[in-house]
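Student: These are the residues of each chain, in order.
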Amino acid sequence: MRHTASATHDLGRSQARAAWFFLVPALAAIAVFFAVPVVSGLLLSLTDFDIYALADLDNLRFVGLDNYRHLFHDPRFWTAMKNTLYFVVVGGPLSIAVSLSAALLIQSPLVALKGLFQTVFFLPVVTTLVAVAVVWRFLYHPAYGLLNRGLEWFGLGPIDWLGDPAWAMPAIILLAVWKNFGYNMIIFIAGLQSIPESLYEAARLDGAGRWAQFLHVTLPMLAPTFLFVTILTLIGYFQLFAEPYVMTGGGPADATLSIVLLMYEEGFRWWNMGYAAAVSFVLFVVILAVTLLQLRLRGLLTP
Amino acid sequence: MNARPLQLLIHLVLGVWLALTLVPLVWMVSASFMPSGQASQYPPHLLPGELSLGHYADLFSRLQLGRYLINSTLVAGSVTLISLVINSMAAYAFAKLRFGGREPLFRLLLAGLLIPAQVALLPLFLMLKHLGLVNTYAGVIIPGMASIFGIFLIRQYAFSLPDSLLDAARVDGAGEFLVYWSVFLPLCRPILVTLAIFTFMGTWNDFMWPLIVLTDDAMYTLPVALANLLGEHAQDVELMMAGAVLTVLPVTLLFLFLQKYYIRGITLGGVKE
Numbered sequence: 001m002r003h004t005a006s007a008t009h010d011l012g013r014s015q016a017r018a019a020w021f022f023l024v025p026a027l028a029a030i031a032v033f034f035a036v037p038v039v040s041g042l043l044l045s046l047t048d049f050d051i052y053a054l055a056d057l058d059n060l061r062f063v064g065l066d067n068y069r070h071l072f073h074d075p076r077f078w079t080a081m082k083n084t085l086y087f088v089v090v091g092g093p094l095s096i097a098v099s100l101s102a103a104l105l106i107q108s109p110l111v112a113l114k115g116l117f118q119t120v121f122f123l124p125v126v127t128t129l130v131a132v133a134v135v136w137r138f139l140y141h142p143a144y145g146l147l148n149r150g151l152e153w154f155g156l157g158p159i160d161w162l163g164d165p166a167w168a169m170p171a172i173i174l175l176a177v178w179k180n181f182g183y184n185m186i187i188f189i190a191g192l193q194s195i196p197e198s199l200y201e202a203a204r205l206d207g208a209g210r211w212a213q214f215l216h217v218t219l220p221m222l223a224p225t226f227l228f229v230t231i232l233t234l235i236g237y238f239q240l241f242a243e244p245y246v247m248t249g250g251g252p253a254d255a256t257l258s259i260v261l262l263m264y265e266e267g268f269r270w271w272n273m274g275y276a277a278a279v280s281f282v283l284f285v286v287i288l289a290v291t292l293l294q295l296r297l298r299g300l301l302t303p
Numbered sequence: 304m305n306a307r308p309l310q311l312l313i314h315l316v317l318g319v320w321l322a323l324t325l326v327p328l329v330w331m332v333s334a335s336f337m338p339s340g341q342a343s344q345y346p347p348h349l350l351p352g353e354l355s356l357g358h359y360a361d362l363f364s365r366l367q368l369g370r371y372l373i374n375s376t377l378v379a380g381s382v383t384l385i386s387l388v389i390n391s392m393a394a395y396a397f398a399k400l401r402f403g404g405r406e407p408l409f410r411l412l413l414a415g416l417l418i419p420a421q422v423a424l425l426p427l428f429l430m431l432k433h434l435g436l437v438n439t440y441a442g443v444i445i446p447g448m449a450s451i452f453g454i455f456l457i458r459q460y461a462f463s464l465p466d467s468l469l470d471a472a473r474v475d476g477a478g479e480f481l482v483y484w485s486v487f488l489p490l491c492r493p494i495l496v497t498l499a500i501f502t503f504m505g506t507w508n509d510f511m512w513p514l515i516v517l518t519d520d521a522m523y524t525l526p527v528a529l530a531n532l533l534g535e536h537a538q539d540v541e542l543m544m545a546g547a548v549l550t551v552l553p554v555t556l557l558f559l560f561l562q563k564y565y566i567r568g569i570t571l572g573g574v575k576e
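Quick mapping for you: the protein sequence lines, in order, are chains V and D. Residues in the first sequence are numbered consecutively from 1, following the working numbering. Residues in the second sequence are numbered consecutively from 304, following the working numbering.
Treat the hints with caution; some may be incorrect.
As the list claims (entries may be wrong) - Pairs of lysine to any residue, SDA-like flavour, derived with a Cα cap of 20 Å:
1. Lys114/V with Lys432/D
2. Lys179/V with His216/V
3. Lys432/D with Lys179/V
What the hints assert, rightly or not - Per the computed footprint, the stretches of chain D lying under chain V, defined by three or more beta-carbons under 8 Å from a beta-carbon of chain V, are:
4. 309-320
5. 369-382
6. 484-497
7. 501-513
8. 523-529
In short, the hints are calculated from the structure, not lab data. Just so you know, even glycine gets a beta-carbon here, dropped at the ideal spot from N, CA and C.
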């Protein structure tokens, strides 16, 4: 008896030792190349790290919250924040609505060739963002672009998509929706498939039509999927970068300058790394606040 | 509404939608074969007047596209291999080994998912600069070596594997590494394939980090090279489209052949919540 107990004990100890052997590579990589940089980023944002400090660390000074103070008085920061929110608030819900519509259509029992539609709708997701942004840059060409050609048939346009400050962000949103809707569509399809058919049968017995079934069965049952998709999408959309970088460079007149693009420009073009770090932390706080707010909202909505 | 007209309507909507989704990609391929200047004509052409392979030849002979293809393949391949080993090791510990602090440690890792990667970029760059790794393959690969999401995905899958198989190997006297290597990994094959595709595509398509850490033209990955090419050749629409095709083609083919695994990864990470 004692013998077995001590054997299990030994086994437990040797398992614990083995566990650390398996964990060390991942934990070390995550600690050194993620956790440490995140914490240093916070410290960096409290310094005036710039191109002089890059050349010689003796030029580095601790400046407290100066970067944050400066940031809140920087009109470009507010422009970037406004543009990013525009992209998130319009592009996020739009892309989720498109994803859900696609999922509902494809999942309809009436549809043949579900696999084909699913694959094609998903195709933009796997393509390289930079490459398709290059393609869309030309689709948006005011004179030769296919988009204006299409509008022409309907007697509309021409629109200077990427040259007009009022249209540049909508153009980027359109590209983002096209590129991303397939991803959430797949998640919605899986969510739809997991709704038990018996719920629909019960609803039909109660005399519910298609629309009522959608409102009282599909939507409530999709709520967890919906929350997951919304959080993931908004987090992703807050990080807008490659689209404006490739298509507009943030222009015209800063109309598509996003927070991450501002961070990139300040940090890696002008080497104002202390300031850029402050920008990145404001982004982090905003994303965190929005995520927690949604989780809280969900807590309020589902008793 | 009757089922019949409704069915027609749904197919009509889906058909139009499908066509619109394909237009940018089809035009990209079509324009890449147009002779120079044809894509910048009014009214726009949908198909090349004559098939021209010149832009592809140009990309390889004059603009080192082969080099970028190799860089991208090397970087995405290395990240995939390294991260698969490192993540699966950690997942093995989290799912199949008992040790003190296992759950709190895992929750701590998950909390890290809330932090956007951009927050780490600036110090990471300074760190790698200090280590002399800026503008090296290692510099691009390092941040992708381990991923919290990857560990999470394998761990979730591993819970469904019966412990009895591992225990049987242990009773036979196999050490933990042997159990991991010859029992656990083969059992995890499906999820490893899924994760491998995810990682390869994600790294292949990644833009911001390679843009930051690669400073020398010869080291560029395809997306960085393409963005750079746009700076010099924005007027050569057909050439740019050929470059876009070559960038997109490998990952698209990978997806088309292995989409079953790829889609499973999304739903595993997505609906489990």
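Student: Quick check: which numbered hints come out false for this structure?
Tutor: Numbers 1, 2, 3, 5, 6, in rising order.
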